[in-house]
Amino acid sequence: MTSFDPQMLLSGQYHDMLVAGLKMSLQYLFWAFWIALPLGLVIALFRLSPYKPLRWIGATYVEVIRSIPLLAHMLFWYFGVPEMLPVSIKEMLYEGPVESICAVVALGVYTAAYMAEDIRSGIRAVPGVQMEAARALGLGYMKTMCLVILPQAFRLTVPPLISQTLNMWKGTSIATVIGAAEMMYQAGQVESQSFRSFEAFAFASASYLVVSLIITGIAVWFQHRYPVRTM
Amino acid sequence: MLELIQEYWLYFLVGQYPKGPLGGLALTIILATLGLILSMPLGLVFGLMRVSSNRWLRLPVTGFIYVVRGMPLLMVVFWAYFFLPSVTGVKTDQFWTMLIALVVFDAVYLAEIVRAGILGLPKGQMECARSLGLPYMKAMRSVILPQALRNSLPSLVNQFISTIKETSLGYIIGLAEVTFIATQINSLVFTKPAQVFGILGLTYFVLCFGLSRLAFWIERRLERKGLGNRPQAKVAA
Chain P
1 MTSFDPQMLL
11 SGQYHDMLVA
21 GLKMSLQYLF
31 WAFWIALPLG
41 LVIALFRLSP
51 YKPLRWIGAT
61 YVEVIRSIPL
71 LAHMLFWYFG
81 VPEMLPVSIK
91 EMLYEGPVES
101 ICAVVALGVY
111 TAAYMAEDIR
121 SGIRAVPGVQ
131 MEAARALGLG
141 YMKTMCLVIL
151 PQAFRLTVPP
161 LISQTLNMWK
171 GTSIATVIGA
181 AEMMYQAGQV
191 ESQSFRSFEA
201 FAFASASYLV
211 VSLIITGIAV
221 WFQHRYPVRT
231 M
Chain B
1 MLELIQEYWL
11 YFLVGQYPKG
21 PLGGLALTII
31 LATLGLILSM
41 PLGLVFGLMR
51 VSSNRWLRLP
61 VTGFIYVVRG
71 MPLLMVVFWA
81 YFFLPSVTGV
91 KTDQFWTMLI
101 ALVVFDAVYL
111 AEIVRAGILG
121 LPKGQMECAR
131 SLGLPYMKAM
141 RSVILPQALR
151 NSLPSLVNQF
161 ISTIKETSLG
171 YIIGLAEVTF
181 IATQINSLVF
191 TKPAQVFGIL
201 GLTYFVLCFG
211 LSRLAFWIER
221 RLERKGLGNR
231 PQAKVAA
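Each protein sequence line maps, in turn, to chains P and B.
Here the working numbering is used: position 224 in the first sequence is 224, and no number is missing along the way.
Here the working numbering is used: position 212 in the second sequence is 212, and no number is missing along the way.
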């Protein structure tokens, strides 16, 4: 094995490729988060709703999505879904960065199922009397949720949501299977062009690790800064 | 969809088996099962080291767990794929590469499950066992671990589910498990990607959903016997 060459990672063409990959991965994380969080919240409220059909939709969504590997989601969204779209939308999609869009949607839809469960358990941890008291004061169901239950559930929910974000960060690596130019893909490219696998994978590993540790750090900070109030 | 199943079901289940290496769904299940079984002893050791009071045992394992948990499995697979051959000098095939990566990855997660199981027990259990004169390891083995592992049974089933899902990454290094077979069928048929990947998703769903019901059932059973450690809480909504 040849010696480690840090120069290659600090400047030059390979450096640019790897950094571009890192940026792309971070962008995926950002966009997928904004799909996953609102969708997760809606699904969680569905699962807790007083109406049976809504509860059923929420439960089915969570169970189906969670039982299928992210990789299969990616393949389905990349190969399967565009075929089912109307021609005009399909053409528009293929003019844009289709791999990235499919990867972000797959990642967001997948993580939403996990986030929904976290939000649901946060809401369920709020004592039942809070709901009763708010309803007794004359607030409607949705108003009670928004003004009384969700703010209390928030403190409990944020730490698990942050660790879901961490899972999502690791999930971005799977986008490499549909040829999206994120970090794992770029590391593979650098490896095959330069034959220096150690440097390329060391860079990718270190980047994943650093971002993961930062996300973990945020979770620890939040729990410290906003401890759960005993009720 | 039915034609697809009629034409390719055998290929989907066992790959090229009689004429070639075993693949498909059978390989997925074998890989996940072996992965979980082989990682159990390692996970147990890591878990015990993680709760040990000796910092020379605790800190290195804690560091290792943080590193592996901070990385995607794909990264671990790539390290195994490119480095095992160059370090050991033996060309490992895809099956062994994937298995090794899975064992390392699962061991780390199992360690955390074991740790949670041990920490979830009342402190008095260990104190009692020690005051009866049992040494630390003996107390662990005959008092703490049997209870801790029983409580973590649902988590173990969940870990098995995620191992099944993780085997799909074998596709990336060209291992002929069920996802790989599905992409092969997709390129043979070419015109029905939504159906092919729909069937793939359905297969995983049946497998994993069944197992998650099993975990749920075990949890309920433990709770009913008064063995579980989940507090009953009044809930909103």
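Take these hints with a grain of salt, some might be off.
[Stated by the list, open to error] Heads up, incomplete: computed chain P residues facing chain B, CB under 8 Å, no partners named:
1) Asp-5
2) Leu-9
3) Ser-11
4) Gln-13
5) Ile-57
6) Tyr-61
7) Ala-72
8) Gly-80
9) Ile-174
10) Ala-181
11) Met-184
12) Phe-201
13) Ala-204
14) Ser-212
If you are wondering where the hints come from, they were derived from the structure by calculation, not from laboratory data.
Even for Gly, the Cβ is constructed at its ideal location relative to N, Cα and C.
Hint by hint, here is what the structure shows:
Taking 8 Å as the C-beta contact cut-off toward chain B, the hint placing P:Asp-5 at the interface is violated, the least distance being around 16 Å. Checking P:Leu-9 against chain B by beta carbon gives a least distance of about 16 Å; that is not within 8 Å, so the hint is violated. Restraint check, P:Ser-11 versus chain B: the minimum CB separation of about 24 Å is more than 8 Å; hint violated. With a least beta-carbon distance of about 21 Å to chain B, the hint placing P:Gln-13 at the interface is violated under the 8 Å criterion.
The beta carbon of P:Ile-57 comes no nearer than 16 Å to any beta carbon in chain B, farther than 8 Å, and the hint placing it at the interface is violated. Evaluation of the P:Tyr-61 hint against chain B yields a violated restraint, the C-beta minimum of about 12 Å exceeding 8 Å. Interface hint at P:Ala-72: satisfied, since its Cβ lies 5 Å from the closest Cβ of chain B, which is below the 8 Å cut-off. With its C-beta approaching chain B no nearer than about 4 Å, P:Gly-80 sits inside the 8 Å limit, and its interface hint holds.
Hint status for P:Ile-174: holds, given a least beta-carbon distance of 6 Å to chain B, under 8 Å. Among the interface hints, the one on P:Ala-181 is violated; its C-beta lies about 15 Å from the nearest C-beta in chain B, farther than the 8 Å criterion. Because the beta carbon of P:Met-184 sits about 6 Å from the nearest beta carbon in chain B, less than 8 Å, this interface hint is met. The criterion of a C-beta within 8 Å of any C-beta in chain B is met by P:Phe-201, whose closest approach is roughly 6 Å, and the hint holds.
Look at P:Ala-204: its Cβ gets to within about 6 Å of chain B, closer than 8 Å, so that hint holds up. Interface restraint check: P:Ser-212 against chain B, minimum CB-CB distance 3 Å, threshold 8 Å, status holds.
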